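There are 2 protein chains.
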Amino acid sequence: MDAKTISVNKDILSANSKTADRIRAVLDRHHCRMINIMSSPGSGKTSLITKTINRFKHTCSIAVIEGDIASSIDAEKISLLNVPALQINTGGGCHLDANMIEKSMNDLDLEHLDLVFIENVGNLVCTADFDLGAHKNVVILSIPEGDDKPYKYPVIFMEADIVLVNKIDVHPYFDFDMGTFPEIIYGLNPSAAVLPVSTKSGEGLDDWFSWINKILE
Amino acid sequence: MDAKTISVNKDILSANSKTADRIRAVLDRHHCRMINIMSSPGSGKTSLITKTINRFKHTCSIAVIEGDIASSIDAEKISLLNVPALQINTGGGCHLDANMIEKSMNDLDLEHLDLVFIENVGNLVCTADFDLGAHKNVVILSIPEGDDKPYKYPVIFMEADIVLVNKIDVHPYFDFDMGTFPEIIYGLNPSAAVLPVSTKSGEGLDDWFSWINKILE
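In order, the protein sequences belong to chains A and B. The numbering used here numbers the first residue of the first sequence as 4 and each following residue consecutively. The numbering used here numbers the first residue of the second sequence as 4 and each following residue consecutively.
In short, the hints are calculated from the structure, not lab data. Keep in mind the model is a prediction, meaning the values are calculated, not measured. Each hint should be verified, as a subset may be incorrect.
The list treats identical chains as one, so a pair stands whether inside a single copy or across any two.
[Claimed, not checked] Below are the EDC-like pairs computed for lysine to aspartate or glutamate, each with C-alpha atoms no more than 16 Å apart in a straight line:
no., residue 1, residue 2
1, 139, 79
2, 155, 79
3, 139, 31
4, 203, 178
5, 106, 24
6, 80, 110
7, 21, 105
8, 60, 117
9, 80, 14
10, 80, 151
11, 60, 164
12, 139, 162
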């Protein structure tokens with residue numbers, strides 16, 4: 004990258020951060036929490052959101068912002084749960100940014116919402132650079148992806164408040180060293196929690212729900 | 004995106020295409036084939052390259068260009084096979100581009116090489132937009148990622164010459180409809196071949212090796 008490219012990137016990220024701070028201020032005023040969920044395609048973002056909605060929908064008011072390059076498959080799945088789901092199609096863009104979130108917030112009834120999930124575009128790289136105004140960043144890595152991913156895609160793990168290791172129901176069929184994985188994360192990001200879960204079998208989800216409960220306090 | 008953003012993107016992609024054409028011309032002059040392998044993180048790019056090297060290294064001369072955001076884990080794995088492995092670290096960049104490949108070609112002994120694999124950054128989005136000067140694009144989707152990914156990340160599947168569905172050894176533990184999947188790909192890209200494989204068990208790899216043999220003819 005030449006100096007000009009770096010400077011343009013800095014300008015974009017600086018403007019994005021200001022928008023993100025504005026979003027957080029609006030959410031705080033409405034006592035609404037927002038959680039940004041990031042992972043590769045197919046790691047289990049939609050399944051996690053679905054299970055969490057089913058657990059909390061009778062005790063708090065939830066909405067979901069779905070980020071996708073194309074299609075509205077996930078927003079349709081969420082709508083079936085009788086929860087508002089906004090679809091953002093990035094039209095080829097590889098991540099959401101704060102500007103997209105700020106625009107979509109006009110369609111959210113913040114007055115009555117307690118919790119908003121953002122399902123980011125499936126991408127372990129570009130999503131990490133953009134603060135979306137969320138209060139917490141969740142990163143999902145699934146067992147089949149392998150335990151070496153934090154070395155190869157470190158930034159997203161450095162931005163995480165919690166790392167969920169999903170699909171532990173299939174752990175026996177893959178080489179993923181669950182013993183050393185938390186240390187790898189700790190080396191990159193000492194304040195991130197690591198939680199093994201299976202959105203399919205439900206294993207570990209009670210710990211995830213406790214984490215959500217603390218955010219809602 | 005505003006008009007200025009679109010125009011800058013077009014300039015970048017147009018310059019990239021010219022560099023890619025120049026790369027292909029140089030490779031053709033040396034009777035060397037280049038194959039660009041793209042997928043999400045952890046879908047099996049390195050395993051596929053490793054198995055393919057072991058199958059062909061006694062009959063043809065192979066090199067690998069490894070693209071990563073950080074680390075040189077994969078290049079080190081490839082070097083153990085006594086094959087030249089060049090590491091490109093993108094320093095945060097989410098894909099390789101033709102300029103990076105052209106620079107790295109100075110370190111390749113094209114005079115004596117028959118086949119170069121590029122292992123792109125693990126990313127199902129941004130990698131698809133950049134022609135790297137390769138003769139063929141291979142996309143790997145693994146069973147645990149789910150059969151809906153072509154709907155959500157269509158561009159990369161439209162750019163593929165062949166789509167490998169990897170990790171079929173764990174097919175029984177996941178909901179992936181292998182019956183309809185080739186039709187989904189055909190709808191996006193009628194000329195792409197679809198091949199189920201397991202780089203772990205070796206199932207389906209003979210068909211992949213036949214595909215490579217045809218490219219080398």
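For each hint, the structure was consulted:
1. 139 <-> 79: neither (24 Å within a copy, 36 Å between copies)
2. 155 <-> 79: between (33 Å within a copy, 13 Å between copies)
3. 139 <-> 31: Within one copy only: 13 Å inside, 51 Å across.
4. 203 <-> 178: between (19 Å within a copy, 11 Å between copies)
5. 106 <-> 24: within (14 Å within a copy, 40 Å between copies)
6. 80 <-> 110: Neither: 19 Å inside a copy, 50 Å across copies.
7. 21 <-> 105: For residue 21 and residue 105, only the intra-copy Cα distance (11 Å) is at most 16 Å; the inter-copy one is 38 Å.
8. 60 <-> 117: within (10 Å within a copy, 59 Å between copies)
9. 80 <-> 14: Answer is neither: 36 Å inside a copy and 38 Å across each miss the 16 Å cutoff.
10. 80 <-> 151: between (31 Å within a copy, 13 Å between copies)
11. 60 <-> 164: neither (23 Å within a copy, 45 Å between copies)
12. 139 <-> 162: Intra 9 Å, inter 35 Å, cutoff 16 Å: intra-copy only.
Checked against the numbered hints listed earlier, the structure breaks hints 1, 6, 9, 11; every other hint is satisfied.
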